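Given next are the chains, with one letter for each unit.
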Amino acid sequence: MKPLLSIRKLTKRFGPGCEQCVDESRWGEIDANACPNCGTVWALRGLDLDLFPGEIVGIVGESGAGKTTLVDLLSLAAVPDYGAAHLANWRGGLHSIYSASDQEKRHLSNVHISTVYQDASRGLLMGISSGGNVVERLLASGERCIGDMRARAQYLLDYMELQGLMDVRTGRLSAGMKQRVQIAKALVHRPSVILFDEPTTGLDVSVQARTLDLIRKAQREHGFAALLVTHDWNVLRLLATRALVLKAGRVIERGTVEQLIEDPQAPYSQLLIHSSTT
Amino acid sequence: MSNCIEVSGLSKTFTLHLVGGTRLNALHETSFALEHGASLVIMGKTGAGKSTLLKLLAGAYRASSGAIVIQPSPESSRVELASLSDVDLIALRRRSVGYLPQHIHVVPRVPAIDVVTATGIEAGLEEAEARARAEELLDELEIKRKLFPLFPSTFSPGERQRLNLACALVRNPSLLLMDEPVSALDPRMMQQVVGMLQRHRSRTGGGTLVTILHQMAAAEQLADRVMVIDDARMKAFGTFSEVLQAT
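Protein chains in written order, with the numbering used here: chain A, 1 to 278; chain B, 1001 to 1247.
Check each hint, because a few of them may be wrong.
[Unchecked claim] One-sided excerpt, in silico: chain A residues whose CB lies under 10 Å from chain B:
(1) Glu24
(2) Arg106
(3) Gln163
(4) Ser206
(5) Arg210
(6) Arg237
(7) Thr241
(8) Arg242
(9) Thr256
[Stated by the list, open to error] List time: in silico DSS-like cross-link candidates among lysine-lysine, alpha-carbon distance up to 27 Å:
(10) A:Lys2 <-> A:Lys105
(11) A:Lys2 <-> A:Lys217
(12) A:Lys9 <-> A:Lys105
(13) B:Lys1235 <-> B:Lys1045
(14) A:Lys217 <-> B:Lys1146
(15) A:Lys217 <-> B:Lys1144
What the hints contain is simulated information worked out from the structure, not anything from laboratory work.
Since the structure is predicted, the reported quantities are computational estimates derived from the model, not experimental observations.
A virtual CB, placed ideally from N, CA and C, is assigned to each residue, including glycine.
The shape of chain B in the complex, shown without the other chains (with noise of 0.2 Å):
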């Protein structure tokens, strides 16, 4: 099978210019490649480097050196991330590779199912298909509907988690990379939305998955395989007895 990501010798240091060029190795020397239809869950301490290693393959974070190859579906070109303007970036995030950030940046004054349709309309949805795919995203993820007019801003921390999770599903993303989904919710609404993440796999045709997650009763559900990130560096890689024996 082809691979999504193929990642090599990834390192991101932060030059810390006001702190007098403080130098800060996020993530030393990656490397990994992870098939087309896996679930890979990334595990390791706060601080360890994973949102680092996250957003490196979101394009938000410039590699300091390295490459990262993505090819978001079978049928996709292969990319590599260091190599696409600014503008391609952001039409293949857009288009194929869906990011769900840790902290939420919520859109003011707008209504809670308007942020999720126009999520789904800048994907290239129509208007009324973009409005339905919302409207059955958050009733999945059971946001009540009289929250559907309401400003995010007035949301509960889970709630906005949830509506984040739509507007990175309406994509239907080939690849979905994700920041802590789940930290802000309870352990059945945790399991829903392993529950859909599964189904999103399962309707993409072999959707691609990666996932910081500390919750292990949700890694065992949705990983096939696991990477475990220690101070910066990559400890262990591979499904979840491989993993657990290593470490």
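Only chain A is shown next, with the shape it has when bound in the complex (with noise of 0.2 Å):
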């Protein structure tokens, strides 16, 4: 099988580098982000993955270990300072997605790599409805039947469980209506890939379990395959099958998701995943 988003020596730091930090056989004795010599911040260092048609891979690590850098620049929202991305639908998978040009990047973003943010802020508009968030999307990619584009955004909404809310304003929506506007608006072009960044954070149990729920099921139906980025174990459980640990914007583990819980072999990973409720 081959992969649908094959990523290779992804890095993006913040500072001009010097020679101790740039040198990428002693960033396995890194511990921080912050170069203590030249002060440059390494938000990513050198990320392989490669992500399968249908399957969900999740992302761990504490904050500013690199994970939401990963999804900027893979929403190609940040230029990796260098490193590789090629989507097997995207010209062939020949061209990396960053030697796209402005308009073929905002076109990638726009149908192919769709982005679920936790802060529904950065992926919605607030000042208008629902249904007009979705539809933006299609207005962006060249569709002007409105009638075809409102029968769109209805059905998604409904399949959100979101039935009668087409036309409120998405800033009156509850947090957890406001994260299903956002994956319905990343459905809309049956995107084959969705970057969820931390999707169920801040919101209640029963809502959490409901979108994560939601989630699962779009994505056997839709059969899109994600990066899931998430501090919780319990629903990376639920949704992904292998997982990356990010420490330092460095991967220190990789595995099923079944071998980090049941068995996490760096310190990093075991410090992790006993700190948490699993």
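Put the two chains together into one complex; each comes in its own frame, and the hints tell you how they fit.
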């Protein structure tokens, strides 16, 4: 099976770097994001990952580990300092998505790689209706038939159990509803990849369960592959099959979710899993 | 007859980094082979290393040393677990190696019938076929029909255990690994489950079972091989009478 998204040596730093911190062979010794010599902050260092069709891969790690940087890079909201990401169904997978023109990048993030953010205000326009938010993505890709677009938005909002909220201003919805509008919006072009950045953090338990259930259902029926950034091992166990543990921008362990929860090897992974209530 | 499982020099040591790097030897230098179609029952005291061995066979634990070679059915290819990528291990588990853990993680807000059906779909069944098979299994496990649309979080431990068993069987795995599958069941239900497992073996044309059991009566009925583990070491392996003589 060929990977849908193939990520190689993805690296993002804030600062010029120095001889010490740019040396890849020494990254294993570095335990913090900031270089003690030059102060450059390394948000992500040399990440390799193959994402296969239809699977959900979890990304875990504490704040500052590089999880959101990875989401920003893959959603094309940021540019890596080096590294590549090849999407199999874009230009035959032969070119990195970072070589795309600005127009192509807008198309990629609108149609092929959708993102559901923890902070709904990053993914939604709060001043317009739920339906308007979904339709906005269709408009951006050139569709113009209002009837078709409204019907598509209605279907997806109903699918996300948001019946009757098509014309309600998004800013007036609860946090759980906003997340579901984001998922409806993310699904509108049937993307091959969805990036979930802590989609249920901050939601109360029953709303969280409902949202997770809808993500499971959507994934099963729409067949997208996903990266799931989360702090919550229960969420990971429920949705993902494989996961990476990130620390200070570097992958320190990877395996099946079952292996990482049952048998974490690295000291940091053990700390993370034993600090949770799983 | 060819072997379904070949284990050689298998050891598992946990390094507990949070308690000063303490090393915990959970399984030591274990070697055995199990033919296709056999039913192995693992017995031993609590903490002896039984679940560790089962989790190693399922790929949930990574071995510290030694090797596990699995050929789920005579028609499938032989694979060394340690050499499999994460993706291939997940595919193997979905396709042909079922694992029923001791502790059950309930999926929230999903009706019981859908939990089993979804597991069948994951294993490659069509939705209608998966649902029919799920209903058949839950009926056989005497889960009342009125419980089908309820969330498993409302189930008793015995009902959850049977639901989990249905999830393991709906995949129709060639190799089924079970950690105390009848611990929460009454004697009559235990008999029912043992009967189901025997029928599963004949349905899969000689499926292989590895089961951790504490109930001697169920073990006698189910096992044609028995392993006794004590203090992280395999103490005996053979037929019931051979093991009784050896211990």
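Notebook entry, point to check: Hint by hint, which ones does the structure fall short of?
Noted result: The structure breaks hints 1, 2, 3; every other hint is satisfied.
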